[in-house]
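Participant: Using the hints provided, position chain B relative to the given structure of chain A.
Residues per chain, in single letters:
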Amino acid sequence: AQSVTQLGSHVSVSEGALVLLRCNYSSSVPPYLFWYVQYPNQGLQLLLKYTSAATLVKGINGFEAEFKKSETSFHLTKPSAHMSDAAEYFCAVRRNSGNTPLVFGKGTRLSVIA
Amino acid sequence: EPEVTQTPSHQVTQMGQEVILRCVPISNHLYFYWYRQILGQKVEFLVSFYNNEISEKSEIFDDQFSVERPDGSNFTLKIRSTKLEDSAMYFCASSDQGGDIQYFGAGTRLSVL
Numbered sequence: 016a017q018s019v020t021q022l023g024s025h026v027s028v029s030e031g032a033l034v035l036l037r038c039n040y041s042s043s044v045p046p047y048l049f050w051y052v053q054y055p056n057q058g059l060q061l062l063l064k065y066t067s068a069a070t071l072v073k074g075i076n077g078f079e080a081e082f083k084k085s086e087t088s089f090h091l092t093k094p095s096a097h098m099s100d101a102a103e104y105f106c107a108v109r110r111n112s113g114n115t116p117l118v119f120g121k122g123t124r125l126s127v128i129a
Numbered sequence: 163e164p165e166v167t168q169t170p171s172h173q174v175t176q177m178g179q180e181v182i183l184r185c186v187p188i189s190n191h192l193y194f195y196w197y198r199q200i201l202g203q204k205v206e207f208l209v210s211f212y213n214n215e216i217s218e219k220s221e222i223f224d225d226q227f228s229v230e231r232p233d234g235s236n237f238t239l240k241i242r243s244t245k246l247e248d249s250a251m252y253f254c255a256s257s258d259q260g261g262d263i264q265y266f267g268a269g270t271r272l273s274v275l
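Heads up: the sequence lines are chains A and B, in that order.
Residue numbering for the first sequence follows the working numbering, beginning at 16 and increasing consecutively.
Residue numbering for the second sequence follows the working numbering, beginning at 163 and increasing consecutively.
Hints listed in this document are in silico derivations from the structure and should not be mistaken for laboratory results.
A quick note: this is a predicted structure, and the numbers were derived from the prediction, not measured.
A portion of the hints provided could be inaccurate.
[What the hints assert, rightly or not] Interface residues of chain B toward chain A, partial, derived using beta-carbon atoms under 10 angstroms:
(1) Gln168
(2) Lys204
(3) Ser210
(4) Glu218
(5) Ser220
(6) Gly261
(7) Gly267
(8) Ala268
Built from N, CA and C at the ideal position, the CB exists for glycine as well.
Okay, chain A solo, but in the shape it has when bound:
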């Protein structure tokens, strides 16, 4: 079975500050990991993915995440927050074979303060 835990349902940062959104996973098989972002009244948009290649993954809008097997973590970071980063962020895991379902975390709402 697989699961995802996102620490912090709400994170607030100042504009220009570091963004760190935490995600820990549990998986009995090597996982594929994803971060999705949801802006108000929009669908889930893929930010980045880890599919067993490089452990440091770069995504859109300046975000990146590092897969750490020893810590079972896949935290999302961005060096400098922008007002437009305010959104809901979801970490997700799935089995690395076939077109398998995503298992999501509860999401973290990011607020950016001017």
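Facilitator: This is chain B only, laid out in the frame that chain A set:
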């Protein structure tokens, strides 16, 4: 850029009524999914569909639910007799043969009164 389209954006229905949620996946995609998110809870997988049949389903997807690809473009989720607890945001997603990435629609908010 191709996108997954869901209609309607908001559906209000009375308990016990049937609803059909509609999705138009990305045109060359072969795998289709429905997820839902009850307010304040996780996004949960309901069902996946490939080659005109269900490939995987969760415990949530009971006999009240069904999916169909009635033509070459639409993918629908039917709830036969809605319950209050079916109130949620329902997301459709699709992926191509490689399947690494699932592309999501904007969702349909279902309100059961």
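Participant: Need the list of violated hint numbers for this structure, in ascending order.
Facilitator: Checked against the structure, no hint fails, so every one of them is satisfied.
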